[in-house]
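If you read the protein sequences in the order shown, they are chains A and B.
The numbering of the first sequence is my numbering, which starts it at 2 and goes up by one.
The numbering of the second sequence is my numbering, which starts it at 3 and goes up by one.
Rather than coming from a laboratory, the hints here were simulated on the basis of the structure.
Backbone N, C-alpha and C fix where the C-beta goes; we use that ideal spot for every residue, glycine too.
Hints may contain errors.
[To be verified] Residues from chain B that face chain A, not an exhaustive set, calculated with beta carbons under 8 Å: (1) G38; (2) G128; (3) A173; (4) R234.
[What the hints assert, rightly or not] Here chain A is said to cover these stretches of chain B; the calculated rule only asks that three of the stretch's residues, wherever they fall, bring their Cβ under 8 Å from a Cβ of chain A: (5) 21-28; (6) 39-51; (7) 159-165; (8) 211-225; (9) 265-273.
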Amino acid sequence: MTGVLLSASHVTRRFGAFTAVDDVSMRVQPGEVAGLLGANGAGKTTLIRMLLGLIAVTSGRVGLLGGPPDRERRRRLGYVPQGLGLYGDLTVRENLSFSARAYGAAEPALPPALTPHAGVLVRELPLGTQRQVAFLAALAHAPEVLVLDEPTSGVDALARAALWDTIRAQAERGAGVLVTTHYMQEAQQCDRLLLMSDGRLVAEGSEADIIGSTTAVAVRTADWAQAFAALNAAGAPVMLAGRAIRVANADPAGLAEVLKAAGIEASLEPVPATIEERMLMLARGTARGTEPRR
Amino acid sequence: MTYSVRSATVRFGATVALDDVTVEVPAGSVVAVVGGDGAGKSTLLRALAGEVPLDGGTVETPPKQRLGYLPASSGSWAALTVTQNIDFVAGIYGLAGDELAARRAELLDRASLTHAAGRLASQLSGGMRRKLGFVMAIVHRPALLILDEPTTGIDPVSRIDLWRLVSEAAASGTAVLMSTTYLDEAERAAHLVVLDRGRILVQGSYDQVRAGFAGVVTQAGQPVRAEWAWRRGRVLHEYWPGGDPSTPSSPPTGATAVAPDLEDIVIALSLARRNTVPA
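Model the full assembly from the supplied sequences, consistent with the hints where possible.
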């Protein structure tokens, strides 16, 4: 397995009777950005914590840089947790100095955008700026593997593009990046996607691979409010896209019946599903869109 | 009924949080406000909720008992159960007895929270807690519903649930104003408002915003002008605003033009403002 930076081989983790991660095998290679997707509770964080050696596996094997995730190998890893892992009571400069020493790296130079904040306590900075500091701290030692847990949550489009520029630059210099996100437009920026549901890895590959055979139906009608109410009452997984209505994984004929019964005229068109709709269908099991609500 | 802020300006000390902002929220539709940290989203929402005094302009909002407001913080009490949280808020609006029980059951069902009714709010997942906050904001059937980043940081399945709840509220005639950092969500709203440093960059339906976007976005491995370029996946996008003689406003021959999506449009307009107006 040369060239694999991060790997899981038939990894399972149980907490008592609960199986958080169930027989997952995956890998991250140099130069690639792999996106890990899944609803809350799908097992993403547990998998990451095992890959990083923060918790033990129940069975299976994880690999970091060609061996177990021990302290020596973890020095070659960069990790930005969801909570950013900064010390709010220390200044920007002090935070960077602390993490550089912990990794045995030189203290990073501040980019122009952060220079005015060097002496400011981290907790007094806006979230977007704190994220820049957390990235800088995680990258100072030029890690070979970068693990990012929701790196751009709550950040505006411009700042998000800048953070992705940084992520891409890391991949281009050969690092392997594993990133979790809840933002599907961001998932589309990854080279490869991994989708988890209920502790299992259920799909892997491109956006098209992830969506698989899931489809959606676009409902167009002058009376969208009525149509929405009727379909929603029938238990269909409806949502609005502008004033158009989408229903994931539904049978157009079934929807047409519901609308006809409610006296609503509408055109129904099968359209490709989105990653989110695929995740919704996974969360609902294999339930068909027009089945009545429990 | 249409609620609105008109020519609203809000200052906090020397900071102009909102600068001459006009936004209308008609009954029965969802208006989405997008923008990052410090763009003025929360201030706009709080201004329409009547929680922030204006330094200029006017606000038209329903009386407090017809207003529902979900703040950016959780909006529920951690030490109370789901049921207790709902009942407490409902009590403030005078809902009690059978009427409250029926309303609570209906909302818990719609939010898929029925199984968690007895659970402490502190023991809910992030997505469930936001759905509880939504239920508490809408329990009294407000005419205007204001939601401050209801979906930030929660998983896609809970996001879809929340969007379904928001859509239901609008379909039943509620005026909804919500903020989000997710541009794909803003595309779903009937009307979107893009805020940047207290000013409106652009507003309208997604189609109007796209149609009104001037200039060209190109795609390349290397940008011609770095300060006009941004990252999209493996490639860079670059904005050529056109019309301004002081900048090279047209792309070089042979450049690959792309059809800009909302993300591109927001970034391009933000860059144009930064590159032509000092902060």
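For each hint, the structure was consulted:
Because the beta carbon of B:G38 sits about 2 Å from the nearest beta carbon in chain A, less than 8 Å, this interface hint is met. Because the smallest distance between the Cβ of B:G128 and any Cβ of chain A comes to about 7 Å, under 8 Å, the interface hint for this residue holds. Hint status for B:A173 relative to chain A: holds, with the closest Cβ pair at about 4 Å, below 8 Å. Hint on B:R234 holds. Least Cβ distance to chain A is approximately 7 Å, under the 8 Å limit.
With 0 residues bearing a CB less than 8 Å from a CB of chain A, the region 21-28 of chain B misses the requirement of three and the coverage assertion fails. Judged by the Cβ-Cβ criterion of 8 Å, the region 39-51 of chain B is covered by chain A as claimed, because 3 of its residues qualify and three suffice. Only when three residues or more bring their CB closer than 8 Å to a CB of chain A does the claim for the region 159-165 of chain B stand; here the count is 5, and the claim holds. Here's how the region 211-225 of chain B fares: 0 of its residues keep a CB closer than 8 Å to some CB of chain A, so the rule of at least three is not met and the hint is violated.
Closer than 8 Å: that is the beta-carbon criterion, and the region 265-273 of chain B has 5 residues meeting it against chain A, so the requirement of 3 holds.
Checked against the numbered hints listed earlier, the structure breaks hints 5, 8; every other hint is satisfied.
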